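Line order of the protein sequences matches chains A and B. Using this note's numbering, the first residue of the first sequence is number 1, and each one after it goes up by one. Using this note's numbering, the first residue of the second sequence is number 304, and each one after it goes up by one.
Think of the hints as simulated: they come from the structure by calculation, not from any bench. Just so you know, not all the hints are guaranteed correct.
Residues from chain A that face chain B, not an exhaustive set, calculated with beta carbons under 10 angstroms [unchecked claim]:
no. : residue
1   : V84
2   : E105
3   : V110
None of these values were measured; they are calculated from a predicted model. Every residue gets a Cβ at the ideal spot worked out from N, C-alpha and C, and that includes glycine.
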Amino acid sequence: MRHLIDIMDLSVEELDEMIAVAKDIIDNPEKYAHKCDGMKLATLFFEPSTRTRLSFEAAMYELGGNVLGFSEAQSSSAAKGESVSDTIRTVGCYADIIAMRHPKEGAPVVGTRRSTVPVINAGDGGHNHPTQTLTDLLTISREKGRLNNLTIGLCGDLKFGRTVHSLISAMSRYDNVKFVLISPEELKVPEYLKEEVIIRNGLECEETTDLEKVMPELDILYMTRVQRERFFNEQDYLRLKDSYILTPEKLETAKEDLSILHPLPRVNEISVEVDDDPRAVYFKQVLNGKFIRMALILKLLNK
Amino acid sequence: MIIGKIQDGIVLDHIKAGQGMKLYDILGLDKLECQVALIKNAESVKYGKKDIIKIDSIIEMNLDAIGFVDPNITVNIIRDGKLSKRTHIDLPETIEGFVKCKNPRCITTIEQEIPHRFKLTDPETKTYRCVYCESKLEQ
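Taking the hints into account, I'd like the entire structure generated from these sequences.
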């Protein structure tokens, strides 16, 4: 039985295989419409989410399966003090596969310890969010036709942004990928990520606070939100939240085939005028999230 | 300064100077009923200075804890006043039960029954990370 806790649980071959399945689902949805008939996905969301939970649910419905679960901790036995391990073990009696989100880092690892069904980490605090990374990889692959030979700019909250950490780890395994890390000093990529992923793998990397300076060299611009919920101190959040706001003017020097991604939700870091730019692919990215989650469910259920 | 020989017991030797008290605490030696001597800054040919712990009883030792504090420590078992066994310690691959994850966002902060466990991720820098949240263990 396989779980997905960290994007690095999947080999490059498995990633490529899942991306290929997702593309086939997009081209031939009818082939997959009954793959999970009679099966159930439990979505256990101890922390609120719109996109991730609904995309998991839509994915399972489109595979012919059904969905049960909760969307906040207060409506589960966690409110009575039940442990994550017990909750997962209990839900495993009702469902064939579980997608869980939890505000505490490492909660899905604890969940897998006694689970009888596959567990998917749908986000654990500021730590990992592997299905967002799968979504990002499918989007990059569809937009660029490749996952190698790319200069990827990551902009905004690179410290607490779990999607950024997972994307760097995943992309570090493809050839000739350069990272440009754009953030305020206080929100730089954590040292461990630099030491254990970027430096150890000898990856090309540039750190800057100036988005406009590096804009012309980027193939991908991955924008992120400064997340209020990751700060213990409200004043720090207020000081940093407007560090980068992407506007049409700032895109004037960008490549014509740049792809702008964002894991969403956004607050104001991408102005709405950018939405009409053909280079803005973040709503396509949302749709890709459903397709890659379908591919993931099929893989973990051996369908 | 003279500390007498022990008849049956354990000598933890070649402890990096200054680390003896940390090891004393981690091993919970304060809970022992037998005599325990902690010698700080003893002369060492190899290191210049070292700490030594002598325990006047043969007890179960947590070798992982010793290796975590300092993998250069040697564990000498004394029987009938003579060296019976000398063990050199390696850096343990995993450690559990004697250090806690300090990340306030870690699942271990709200679920008390989960064992605090760390894995060695970089032997060169002696880096351990929490198996749940991957936070670095500060030493």
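Hints, verified against the model:
| no. | hint | result |
| --- | --- | --- |
| 1 | V84 | 6 angstroms, holds |
| 2 | E105 | 4 angstroms, holds |
| 3 | V110 | 5 angstroms, holds |
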